[in-house]
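Student: Protein chains in written order, with our numbering: chain E, 1 to 268; chain L, 1 to 268.
Just so you know, these hints were derived from the structure itself, not from any lab.
Any given hint could be a false lead.
It does not matter which identical chain is meant; a pair holds if it fits inside one copy or across any two.
[Claimed, not checked] Below are the DSS-like pairs computed for lysine-lysine, each with C-alpha atoms no more than 30 Å apart in a straight line:
id, residue 1, residue 2
1, K129, K114
2, K46, K15
3, K89, K190
4, K89, K114
5, K19, K114
6, K129, K46
7, K190, K19
8, K15, K190
9, K15, K114
10, K89, K129
11, K129, K15
Given the structure is predicted, the values throughout are model-derived calculations rather than measurements.
Residue strings, one per chain:
Protein chains: 2
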Amino acid sequence: MTPEIITSLQNPRVKNLVKLRDRGPRDEQGVFLVEGYRAIQRALEKGARPREVYFAREWFLGENEDELLATAAACGAELVQLGREAFAKVAYRDRPEGLLAVVEQWRASPGDLKLSPVPFLLVVEAIEKPGNLGTILRSADAAGVDAVIVCDPVTDLFNPNVVRSSTGVLFAMPVALATTEEVIAFLREKSIRTAATTPAGDRELYDVDLRGPLAIVMGSEQFGLSRRWLEACEARVRIPMAGQADSLNVAMATIVALFESVRQRRSS
Amino acid sequence: MTPEIITSLQNPRVKNLVKLRDRGPRDEQGVFLVEGYRAIQRALEKGARPREVYFAREWFLGENEDELLATAAACGAELVQLGREAFAKVAYRDRPEGLLAVVEQWRASPGDLKLSPVPFLLVVEAIEKPGNLGTILRSADAAGVDAVIVCDPVTDLFNPNVVRSSTGVLFAMPVALATTEEVIAFLREKSIRTAATTPAGDRELYDVDLRGPLAIVMGSEQFGLSRRWLEACEARVRIPMAGQADSLNVAMATIVALFESVRQRRSS
Chain E
1 MTPEIITSLQ NPRVKNLVKL RDRGPRDEQG VFLVEGYRAI QRALEKGARP
51 REVYFAREWF LGENEDELLA TAAACGAELV QLGREAFAKV AYRDRPEGLL
101 AVVEQWRASP GDLKLSPVPF LLVVEAIEKP GNLGTILRSA DAAGVDAVIV
151 CDPVTDLFNP NVVRSSTGVL FAMPVALATT EEVIAFLREK SIRTAATTPA
201 GDRELYDVDL RGPLAIVMGS EQFGLSRRWL EACEARVRIP MAGQADSLNV
251 AMATIVALFE SVRQRRSS
Chain L
1 MTPEIITSLQ NPRVKNLVKL RDRGPRDEQG VFLVEGYRAI QRALEKGARP
51 REVYFAREWF LGENEDELLA TAAACGAELV QLGREAFAKV AYRDRPEGLL
101 AVVEQWRASP GDLKLSPVPF LLVVEAIEKP GNLGTILRSA DAAGVDAVIV
151 CDPVTDLFNP NVVRSSTGVL FAMPVALATT EEVIAFLREK SIRTAATTPA
201 GDRELYDVDL RGPLAIVMGS EQFGLSRRWL EACEARVRIP MAGQADSLNV
251 AMATIVALFE SVRQRRSS
């Protein structure tokens, strides 16, 4: 543990933590931020590699923080104590809990994924909002997919709001990044059928066989799926919609498509 | 139109608009806030009654604002122009669009609802987060329920974040408010079957018949459904869950239950 307490808001480490909210510095340094007791705990449980954990006792909410710090140290993290104000500056959540970890990023390609005997995948193309990507990861976890493939990413997987809104699923769920062409080639090679979910789908979700090796494919908030994906997919399905055209956003449509797959696959 | 432009941040109208972010003043005055072009447009389309519309040309983003103001005036709204800074003070959204309406609240009881021949309802008990309630309203709209019954409300239906996250559905979807006992009595009188969604459900969602007169019943984020509701419901269903126990929040569980109902009911 670094013995002194950093109190200066001008300290280079403090300044760097603020920088890491932006993608450029995160990618350059190959790390990202994980804030709060629960998120850090989940990161450690799932084998994420913490480089540093910054803490400020004045902000602690519970009694188990020291144990968590000890675990982080055992995982190789440097522990750095901050003063109250310095921590307030680096915290990005509404209620600071006095814990902020700098964790190593990871990268996986589709080829790195371990697929189950009857693969079940979610592919998302160019999702824009971090909150949607985080919610989608949660849905994928709840539905028990093998992995999520993020295609032509717009939102950085390691954006603080993805970390937060995924409620720890980011650390547990295998996620691969690749281009559209790479993913299409991968799915074909593995003989995994693809179902694109789109308002222009020619069949209703419930009329399509979603058993067997399957990838559900979802497009971006604003543009939906690219033409390339729409043409490459074996099925184009639509979710029956009452009400306003925009009542289902991409995260909601994803969970509906995933759980219809779950329903069909449980009896197969 | 009030001829002068209000520029003082101390103007009583400006101060009142800030107050209306809180429930007490909203309920006392029987109004709530609707901000932004699209939300106000939807409110007017659906017959909401605007008392006042505050606008600030400096913040306008498009070219149709004047037409919207004219429509609002034709619906009986007083138009009040604010200066740039005064509007910034009253706006609660991140990007002000220079339009903020004060709209009359409404109240409906279950008995006021128009039910379809085979009723399909959503009952939510004591939802805490406005964002969840708004998302739930969107899901209910997409699933085509007759109405949503909000039971023992914790979150005020007219909270600005419910208005925002419902993306206008609040103005279109019939919503009734009542106590648990009133709702249970109402559903029994109408012979509407109830399916409680709970992690402790004894049957999987997919094994339960959700056709016929039906109310899906959802509990609060923190506590789930009350014992009273769990006992009163004809079926207690659980959503099959892989992954982390908390991957499905109440809004996500609601949409899964609603769309499984949609699937079953379309073939009935």
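Student: All hints are to be evaluated individually against the structure, with a verdict given for each.
Tutor: Verification of the hints:
Within a single copy, K129 and K114 get their C-alpha atoms as close as 27 Å, which meets the 30 Å cut-off; across copies the closest is 37 Å, which misses it. Only within a single protomer do K46 and K15 lie at most 30 Å apart by alpha-carbon distance; the minimum there is 28 Å, versus 50 Å between protomers. With identical chains, the CA atoms of K89 and K190 are never at most 30 Å apart, being 48 Å at best within one copy and 57 Å at best between copies. In the homo-oligomer, the alpha carbons of K89 and K114 never lie at most 30 Å apart, since the shortest distance is 40 Å inside one protomer and 53 Å across protomers.
Within a single copy, K19 and K114 get their C-alpha atoms no closer than 34 Å, and across copies no closer than 55 Å, so neither meets the 30 Å cut-off. With identical chains, the CA atoms of K129 and K46 are at most 30 Å apart both within one copy (25 Å) and between copies (29 Å). With identical chains, the CA atoms of K190 and K19 are never at most 30 Å apart, being 41 Å at best within one copy and 59 Å at best between copies. Within a single copy, K15 and K190 get their C-alpha atoms no closer than 46 Å, and across copies no closer than 63 Å, so neither meets the 30 Å cut-off.
Proximity of K15 to K114 under the C-alpha cut-off of 30 Å is found in neither arrangement, the shortest distances being 39 Å within a copy and 59 Å between copies. Both within a single protomer and between protomers do K89 and K129 lie at most 30 Å apart by alpha-carbon distance, with minima of 24 Å and 27 Å respectively. Proximity of K129 to K15 under the C-alpha cut-off of 30 Å is restricted to the intra-copy arrangement: shortest distance 26 Å within a copy versus 34 Å between copies.
Consistency with the previously given hints fails for numbers 3, 4, 5, 7, 8 and 9, ordered from lowest to highest.
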